[in-house]
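One letter stands for each residue in the lines below.
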Amino acid sequence: MELENLQREDVLMSTRLAAGGRLLNRGKSVRFEFNGKHLRGFDGDTLASALLANDQMLMGRSFKYHRPRGLVASGAEEPNGLVNLGKGGRFEPNARVTTTELFDGLTATSQNHWPSLDFDVGVVNNYAARFLPAGFYYKTFIQPRAAWKHVFEPFIRQSAGLGKAPKDRDVDTYEHFYAFVDVLIVGGGIAGLQAAKTAGASGAKVLLIEQTGHWGGRAPVDGAVIDGKSADDWINNTLDLLDKMENVQVRSRLMGAGIYDHGYALAHERLTDHAPSDDMPRHRLWRIRAKQIITATGAIERPLSFAGNDIPGVMLASAVRDYVVNYGVSAGDRTVVVTNNDDAYRTAIALKGAGLDVPLILDARASGGGALAEEAAALGIRIANGKAIASVKGGKRVTGVQVCAQAGEGAVLEEIACDAIAMSGGWSPVVHLWSHCGGKLIWDDAHAHFRPDADRAPTGADGEPFVSVTGGADGAMSFSGALANADETARHVSKRIGRKAKKATPPNADDVEMAPLAPVWKMPQGAGIKLRSKMWLDYQNDVKVSDVQLAAQEGFESVEHTKRYTTLGMATDQGKLSNINGLAVLADSLNEEIPQVGTTTFRPPYTPISMGSIAGEATGERFQPLRRTPLHDWHAGNGAYWEPVGHWRRPYCFQRSGESVEDAVQREVKATRDSLGLLDASTLGKIIVKGPDAGKFLDMLYTNMMSTLKPGRCRYGLMCSENGFLMDDGVVARIDEDTWLCHTTTGGADHIHAHMEEWLQTEWWDWQVFTANVTEQYAQIAVVGPNARNLLEKLGGMDVSADALPFMAWADGQIGGFDVRAYRISFSGELSYEIAVPASQGRAFWDALLEAGAEWQVTPYGTEALHIMRAEKGFIMIGDETDGTVIPQDLGLDWALSKKKNDYLGKRAQQRSHMADPDRWKLVGLETLDGSVLPDGAYATADGTNANGQRNTQGRVTSTYHSPTLGRGIAMGLVLNGPDRIGEVIDFPKTDGSIVKAKIVNPVFYDPEGEKQNV
Amino acid sequence: MKRYSAFAIAREAARYHTGWERAWRAPEPQKKYDVIIIGAGGHGLATAYHLGKNHGIKNVAIIEKGWLGGGNTGRNTTIIRSNYLQDPSAAIYEKSRSLYETMSQDLNYNVMFSPRGVMMLAQTQHEIRGYQRTAHANALQGVQTEFIGPQKVKELCPIISIDGPRYPVLGALWQARGGTARHDAVAWGYARACSDMGMDILQRTEVTAIRRDGGKVVGVTTTKGDIDCDKLGIVVAGHSGHLADMAGFRLPIESVPLQALVSEPIKPCMDVVIMANTVHGYMSQSDKGEMVIGGGTDGHNNYTQRGSFHHVEETVRALIETFPMLSRLKMLRQWGGIVDVTGDRSPILSKTPVDGIFINCGWGTGGFKAIPGSGWAMADLMANGRSPLTDAFGLERFREGRFIDESVAAGVAH
Ligand SMILES: Cc1cc2nc3c(=O)[nH]c(=O)nc-3n(C[C@H](O)[C@H](O)[C@H](O)COP(=O)(O)OP(=O)(O)OC[C@H]3O[C@@H](n4cnc5c(N)ncnc54)[C@H](O)[C@@H]3O)c2cc1C
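Line by line, the protein sequences give chains F and D. Counting along the first sequence from 1, when you hit position 686 you're at 686 in the working numbering, and nothing is skipped either side. Counting along the second sequence from 1, when you hit position 287 you're at 287 in the working numbering, and nothing is skipped either side.
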């Protein structure tokens, strides 16, 4: 389309100030798109500041009432500014505009509305909202029964949710990083920087991380002067200094996400979100082991609860200031400031300094503010002490405030026109990381906030604290206080890890005298229910003061109950702005003190982290390592139809062109039985057990006697769990006096090895035994069929005759010039050898077998042919005949349970009454009367039903196949007293209810005398 | 008790909801009750509820050390299904599932039971055979399930990738009437109904000792003093070992944290519950829009109700493999709950060596779905001394070797 190529640009009214914006590069203009509008910002903008600069205050809709939502904050705590970001394989829902750095070509759309942001039919007006108080859905939608699933739930789901679901596969990559440090410092404000400097000077290995792209935190915005320099100068000097310390690493855009036991910390780095690229991973997850962790995460300003505090244009005072100072953007032309503390005066002063109008400062404290208030007054700003907001006027944007006395019930004293409100209810330290791993909090009355209790810090394995806190996060409310605190904390932490920080005076900062804050949890104090039901606590989830009060009234008295009943703090910001305010309202409703009510639990991550970064590199082909046998490539090139077995892929069969899977399997069985087959058996577990006590150990592990096995011989062995159940089987070969080689099932190799080690390390730690899993050291090939010996003899080498290598013997030697270990064992009932060669020789040996075997039509076969042949022969398969509830006695394997041994794992368990009960389901063969194949997993029914109305059963199918050898369906199964009931016919219903009749027969269908395998 | 309805909401709206009464009373303990239940989780509350409703036993106290529903009942991933393999399991879970169907009406409390269907993916030949077996067993147990092919899986859940490079989806065991419910509401609904029957729910009251007279229970000691009883039900999940110790017997139970997490909320994109056992993870979408994800248990026994990270990593990996769209969502929150696991991964509903004490525990990673059925059966057991639904779940099964092993059919049992 022609038009699309034209660079259309939508010019909105600009609120960008002519000057200011310490983070902007005004020389570089950046283009972006919001809801289809083409807009411009500057390099250094966040999406939030750029939108605001284009006068786009309305950014989304709330979760429950779909009310218009604008920016409230300027950082990670922002609850409203969430957008669908990007397109296609780079689409991300719920991207927070305040932490999204602007880049050229960025596209975003607003969320949770239909049909448009400005006009959302889902909006619930004030009157209707009254029908949807906290917990309303528990009380309604009850009748009629089917309506919840079919009518109400779909409706609620549609209107809930925020961003859209991504559709395309992620085109970005992710990676994991590991770091090991002495001291991890989270937070790059002045406290974090100072702590890094002090800890660094002690020689400790330090990692300092900061979630945003810039350093220094709040201090530069608040005009700090440190050691006589501007905050920005001090920060840059400090960064230079840290850069010169080889033992200190500093990283920005790296967010401390979680702290776990044993000094394990998780951090999330955003590498290309601010500059998308195909050459770099998008995110990187850092997994850090730190001896000590310092959280210097600062504090977050709290909103105030007054009616209409959710109308776009009502913002945190600190955020309004951030936008002016950092980004040169004004949130409004006329801003009313409302506060209960001195800090918000800084906003008024900054606004005034930027040439903006501040018609009024409402200070809820009757006694008013301190030095900053004087400064504001001197600038000519009108200040009203003891006053509050009765209600905000406006719909999609603030148009004015109604002023009242804080002490009263909200009688309106005057109305002031304004287009923005900057509010401050005090500051709450960011205590999340401290709390993740069990750090406790104390209530600080003076500042009305919770802060970390140093006496109850998270402790490590030695019982000593491993997390410390400093700066604003510790409740320090002044620059010099934060710097001194940081220096002291870092000194203390250095000492804990056995280092000494050189004595140096911490930097000095000019502090202003602050008047004390007055806690204000409701505005005005005596607000009636009408006002309270318009005071928002949680902007995203639409939780109001009245909702928390209703929860308390209905008995949801625990914070956790209130949280869950009202959904307070459960939104994407996890209550960073709302939790303390909500708690205070709850405490007030319950007539309890805030600390008695307590907080909800802080859970990782601090802010949401991408799932992609959690998975890291391990996606797609790399999801799990694929284990390949030395013959894997040959299989792949010869029609292998793969089956995943553990982490291996094994050929289920080898399909020839035009052949079905079933036909291929039947062909492979016939070819092997008639002449010669080859199986890649390399995946079978091979564990070496060696040492003076190896025989004794294996006697405990296996039900059979292994210590008496002669070198050069093999024995089929069974392993049971402590509970007596059969867990694995395989052939054990004695290699020499103190060495055995234990074969396990393919899937069993790793866990049987672990099982051996568990017993050796926890119970029999004084036995002299070593184990080694050598599965991958060998390629093992089963040479099977009447021509097996002919083939090996043709290749020439060691004597493989029945006399030299009888059934169940093994020998080392050479075949066809290869060094081999040949086992004369059979899982098919045919004459069979399993030949092991070093893995590196596997492919060459396989090729030699194929070439020499051509005259006998040598046929490689897969796992399914293997299964059929063993079933024809009546051999059990772990995982088919066994399922963790079957004991060897059920399978007619009593002969493998040594009577000569005092003990083996499972022996005592098998003596329990139910296991010794003669009336158990036991192994039999099953033959359908019509020759069909019994359905897999079918049960045999018995008469009647049990006490719970379930049909009685008397057995089940464990393996079932079409046998090419017998030309009919054969099956193995477990049937009540089965071996005593040979010849009886029993019913196996299919899932559709139709019945297959089958006769109980001997499980050995093929060559019961063993003439073929023993030749 | 004032009934809840749309009408009641309209009535209350007119007066700004100032007229709603407490959902449950906050009583002081009496000296003695006929029955004391320790633990106001779902199972304890459901037991009390059915004692009152089915057996007319209403002089009951439910003692809770924290806040009701705050244990695993309030921190699970709410999967409800009954497609179990073994007969005794299928019987109690199906009873439970059928009670969920009418729970909102029975309790006059919307527990948001959403029978959206549960599927368990088969991603190996072995799993196909296992689930075919379960389907056969279920047919005879009266549990409606079916084995479906990969195309049907894709139809029911368009966001799934059925041809992942590592473990393509080969089919699934599908229970159309399985689903989810709102966990808190289940606890709250039962609590409200119990309180309404005159039962006392004593929150923030910890049982610190169990008092016996010889071989018989006479009462408990709590942080609010001694309380007597004729019968005592211990229903405390992860803390069962402690309570059994107080009563003087031992349990074959281990306590381990089970991990779970949610994503940020997004618009509806998944209408079923999916469990993928080979790769090990399971997921559904809550009514709020969060993708609710469950993983494995920590390898070491402990009581810290904290998330650890390595399981989250494995689970998220597995689920991105199955649902590639997840990669660009964000994890909002992770947590852990202490689950009580028995040797055969099946629960214990049993008399105990102490006369008058009954125990209900061992639901491990999967007992949310069992809450109503377990309450029904436990009440039957406590009132009548036995119940067909609990017969197989007695403590004696460990001594006799009569296990009810469900891990047979699937690696994870949620
Ligand atoms: C992460 C996770 C995910 C899960 N996912 C699922 C799922 O998808 N589907 C499913 O069916 N199940 C799931 N479960 C399992 C399920 O949550 C539990 O089996 C079930 O909730 C247990 O309920 P309960 O009432 O027995 O225990 P709880 O809810 O834990 O209740 C026990 C109560 O006993 C109290 N108590 C303990 N000691 C004392 C004492 N001394 N005095 C007084 N009170 C005491 C506790 O405070 C607690 O409130 C999951 C569990 C977890 C942790």
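Everything labelled a hint here was simulated from the structure, so no lab data went into it. A virtual CB, placed ideally from N, CA and C, is assigned to each residue, including glycine. Honestly, I wouldn't trust all of these hints.
Across the chosen pairs, the derived CB separations fall in these ranges [unchecked claim]:
(1) F/G88 x D/E206: 42 to 48 Å
(2) F/G88 x D/K152: 54 to 60 Å
(3) D/K152 x F/N977: 49 to 55 Å
Sample of chain F residues at the chain D side, in silico, Cβ under 7 Å [what the hints assert, rightly or not]:
(4) Y138
(5) G161
(6) D222
(7) H561
(8) S610
(9) Y641
(10) W642
(11) G658
(12) T708
(13) K710
(14) P711
(15) R713
(16) S913
Of all the hints numbered above, which does this structure not satisfy? Sort the numbers upward.
1, 2, 3, 6, 9, 10, 11, 12, 13, 14 and 15
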